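Trainee: The primary structure of each chain is shown beneath.
Number of protein chains: 2
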Amino acid sequence: MPRNAVLLNKDRLHAWMAELQLDAVVATTPENVTYMSGFWALPQWIRRGPQAYVVWPAPGKGDAEIVTSTATLDLVADQQVWVERVRRYGAFHADGYPDDAKDPVSQRLLQLQETPNHDDALSALVAALTDAGFTRIGIDEVGLMPGQFDMLKERLPDTSLVPAAGLLRNVRAVKTPEEIARLARVAEIAERSIKAALVVAREGASEVELARAFHAQTVQDDAFPVLGCIGFGERSALMNVQPSSRKLEKGDVIRFDVGGRYRHYRADIARIATFGEPTKEVRRYHRALLAGVERACELIRPGVRVADVFEAAIETVRREGIGHYRRNHVGHGIGIDGYDAPSLTATSDEVLEAGMVLCVETPYYELGRWGLQVEDMVVVRPDGTERLMATSGDLMVVAS
Amino acid sequence: MPRNAVLLNKDRLHAWMAELQLDAVVATTPENVTYMSGFWALPQWIRRGPQAYVVWPAPGKGDAEIVTSTATLDLVADQQVWVERVRRYGAFHADGYPDDAKDPVSQRLLQLQETPNHDDALSALVAALTDAGFTRIGIDEVGLMPGQFDMLKERLPDTSLVPAAGLLRNVRAVKTPEEIARLARVAEIAERSIKAALVVAREGASEVELARAFHAQTVQDDAFPVLGCIGFGERSALMNVQPSSRKLEKGDVIRFDVGGRYRHYRADIARIATFGEPTKEVRRYHRALLAGVERACELIRPGVRVADVFEAAIETVRREGIGHYRRNHVGHGIGIDGYDAPSLTATSDEVLEAGMVLCVETPYYELGRWGLQVEDMVVVRPDGTERLMATSGDLMVVAS
Chain A
5 MPRNAVLLNK DRLHAWMAEL QLDAVVATTP ENVTYMSGFW ALPQWIRRGP
55 QAYVVWPAPG KGDAEIVTST ATLDLVADQQ VWVERVRRYG AFHADGYPDD
105 AKDPVSQRLL QLQETPNHDD ALSALVAALT DAGFTRIGID EVGLMPGQFD
155 MLKERLPDTS LVPAAGLLRN VRAVKTPEEI ARLARVAEIA ERSIKAALVV
205 AREGASEVEL ARAFHAQTVQ DDAFPVLGCI GFGERSALMN VQPSSRKLEK
255 GDVIRFDVGG RYRHYRADIA RIATFGEPTK EVRRYHRALL AGVERACELI
305 RPGVRVADVF EAAIETVRRE GIGHYRRNHV GHGIGIDGYD APSLTATSDE
355 VLEAGMVLCV ETPYYELGRW GLQVEDMVVV RPDGTERLMA TSGDLMVVAS
Chain B
5 MPRNAVLLNK DRLHAWMAEL QLDAVVATTP ENVTYMSGFW ALPQWIRRGP
55 QAYVVWPAPG KGDAEIVTST ATLDLVADQQ VWVERVRRYG AFHADGYPDD
105 AKDPVSQRLL QLQETPNHDD ALSALVAALT DAGFTRIGID EVGLMPGQFD
155 MLKERLPDTS LVPAAGLLRN VRAVKTPEEI ARLARVAEIA ERSIKAALVV
205 AREGASEVEL ARAFHAQTVQ DDAFPVLGCI GFGERSALMN VQPSSRKLEK
255 GDVIRFDVGG RYRHYRADIA RIATFGEPTK EVRRYHRALL AGVERACELI
305 RPGVRVADVF EAAIETVRRE GIGHYRRNHV GHGIGIDGYD APSLTATSDE
355 VLEAGMVLCV ETPYYELGRW GLQVEDMVVV RPDGTERLMA TSGDLMVVAS
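Residue numbers (this note's numbering), protein chains in the order written: chain A, 5 to 404; chain B, 5 to 404.
I should point out that these hints are in silico values taken from the structure, not numbers from a laboratory.
Treat the hints loosely; a few may be bogus.
When chains are identical, the list treats them as one kind, so a pair holds in a single copy or across two.
Said to hold, decoys possible - Lysine-lysine pairs mimicking DSSO-like chemistry, simulated, CA-CA at most 30 Å apart:
(1) K106 <-> K251
(2) K65 <-> K14
(3) K284 <-> K106
(4) K251 <-> K157
(5) K106 <-> K254
(6) K14 <-> K199
(7) K157 <-> K65
Values in this document were obtained by computation on a predicted structure and should not be read as measured data.
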């Protein structure tokens with residue numbers, strides 16, 4: 005596979021592993037398994053319980069390895085996976101006809117089905133770790149089922165196991181080119197989907213009707229719907245508003261806080277439209293919120309403290325029109341998870357690095373009236389901010 | 005809210021709580037929180053980490069209570085939630101204009117925001133459990149983050165805490181009328197989506213093109229895409245086949261193993277089409293697989309052992325044309341989770357009960373050739389099987 009299709013930031017991972025003196029790191033959550041190997045294990049993504057892992061050794065300590073159920077080997081064979089070793093567990097019946105197989109995917113799957121089998125996920129993982137002879141291992145503790153971390157400790161008594169979910173979240177914070185390409189595409193899909201939703205915005209159209217048009221565009225563009233907060237009027241102030249039968253009325257604010265998943269990568273953007281002319285207050289407040297996002301984006305560059313970005317955004321919104329503006333954060337990282345590091349808060353000591361992808365946002369809610377929000381996706385580049393957005397955050401007025 | 009809209013099988017839960025002498029049960033996974041309260045906490049459903057709970061006391065031990073973050077109270081206010089007490093944690097800024105609020109949802113949210121606040125999820129949960137004075141509590145251990153179960157034990161030293169994920173899975177196995185109504189609708193949506201996909205099946209159409217048409221119908225019917233395995237020809241034998249650019253050719257088998265999520269409830273059905281006339285072997289094998297599902301459905305009724313259903317299905321497929329047929333299971337429960345209890349295996353000692361909803365399936369894969377599968381959703385009724393399907397499992401021949 006093309007080297008540039010790798011999602012994992014290997015250099016960053018290896019630097020952290022050296023710092024923490026880890027022989028290996030084991031991914032266990034769906035996000036981290038896909039991130040570290042390219043392998044998307046369907047059962048793990050749609051339910052809690054099914055287990056798949058990636059064992060990633062430090063440089064010079066051997067080859068990386070996928071541990072997964074026999075029933076998912078077809079996905080290993082069919083996907084752009086850059087980890088070649090695979091260890092399987094569990095039984096799954098599928099008859100093989102190697103002489104008929106023309107597709108290399110079938111051929112690879114037939115080979116994988118001939119590899120040795122383990123009884124269960126943990127036994128396969130223990131075998132992988134034991135065979136490699138690691139003595140100090142970081143385990144992404146979040147994807148394990150209750151009790152499994154302790155079981156691993158019992159079965160690996162001479163090995164030091166340390167939690168590594170935080171480490172992997174940190175590694176994921178700085179994106180590779182392939183990740184940024186996917187994030188740019190999913191941001192674009194979200195913008196196209198907002199546009200499609202606004203096409204059906206007319207007197208009497210419901211929130212659900214806009215949501216249908218929104219998601220229809222998302223699936224047309226080969227993304228999966230995830231976040232679809234679309235609210236009219238008073239409902240636009242509901243922070244997680246789920247589309248209802250509420251019908252559009254003249255003067256309504258329409259708030260979108262939305263984004264799907266494209267090749268596993270998430271979008272999270274926000275835009276405001278009004279149905280007919282907005283009030284002066286809505287226009288002024290929206291302009292203040294937009295100014296806050298723009299100010300944050302001016303400041304963003306490697307070496308800047310996220311707390312300073314937070315302060316500048318809040319201060320700008322206050323100065324530009326909402327004197328009482330308050331927020332806990334003005335954004336967050338985004339990637340294969342919808343909330344990657346860093347979080348743009350007042351109390352964070354994190355510092356921006358080139359390659360981070362951020363959602364920068366200044367939401368504002370007046371319960372009983374309306375909610376306004378601007379949220380853009382941007383990349384931290386050596387010389388400043390690269391917006392991933394094709395549209396501005398300007399207030400859009402739909403003719404009523 | 006209408007009493008019949010409750011998802012939770014209260015009688016079954018209370019019977020199990022009495023059996024296990026539990027004062028209360030605490031739901032922690034997204035599925036169990038929604039199931040026990042009607043409350044769908046968005047952040048918990050789309051990521052791992054955000055916490056929401058439902059505390060459900062035994063009869064006579066007080067009122068049920070939702071524990072959730074301040075940032076999600078709008079969803080409590082807006083949804084058909086049958087648990088009235090709410091305990092919140094964490095800060096979230098939203099200004100209130102009670103005099104302007106016309107929507108009861110805004111009014112309810114304004115009230116909820118005035119309730120006392122706790123520092124974090126676990127503190128709120130500990131307060132709820134302490135205030136109620138429970139001495140023996142079942143905790144759905146799967147939704148907690150690593151270490152939280154032990155932290156709860158430390159903070160509730162005089163309380164006995166026992167894992168309860170298995171108990172809740174068992175409770176969920178027997179569906180309420182509202183659950184069955186949702187499952188019937190989502191099954192219908194999956195069938196409609198297959199039909200929509202087959203409309204675009206023509207020479208040179210890709211798997212991805214069929215998937216787009218499939219998901220477009222799903223979102224048009226207000227469901228969310230989840231499972232979308234659609235494969236042509238040799239790729240139909242890949243058990244989890246994800247749509248690719250592979251183009252449809254004359255003679256191809258088209259396998260669908262699909263289903264979305266409608267009002268939180270899952271579909272999982274399978275159908276086979278061929279593009280042009282199938283070979284005799286495909287027709288005979290498909291007929292054998294269909295006969296297996298039909299035989300299982302004839303047997304299904306309360307009191308029957310699932311192992312007997314398994315044996316009958318396998319035996320029928322073998323007798324009707326695939327002498328070497330092997331499977332680990334011939335189906336599973338379905339509900340708010342895609343794999344509810346029971347699992348239809350040879351080794352299970354589970355017995356069918358009225359109100360269970362099952363996916364009955366006989367997949368068969370010839371790697372290098374094609375995969376065939378029939379999967380129906382059915383309800384166990386006192387007098388036998390009620391199919392939730394509008395279509396038969398017959399092989400569909402698309403004119404090539």
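Trainee: Does each hint fit the structure? Answer for all of them.
Mentor: Now the hints, each set against the structure:
| no. | hint | in the structure |
| --- | --- | --- |
| 1 | K106 <-> K251 | between (54 Å within a copy, 15 Å between copies) |
| 2 | K65 <-> K14 | within (14 Å within a copy, 54 Å between copies) |
| 3 | K284 <-> K106 | between (66 Å within a copy, 21 Å between copies) |
| 4 | K251 <-> K157 | neither (57 Å within a copy, 49 Å between copies) |
| 5 | K106 <-> K254 | between (60 Å within a copy, 16 Å between copies) |
| 6 | K14 <-> K199 | neither (37 Å within a copy, 44 Å between copies) |
| 7 | K157 <-> K65 | within (21 Å within a copy, 39 Å between copies) |
When the structure is compared with the earlier hints, violations turn up for hints 4, 6 and for no others.
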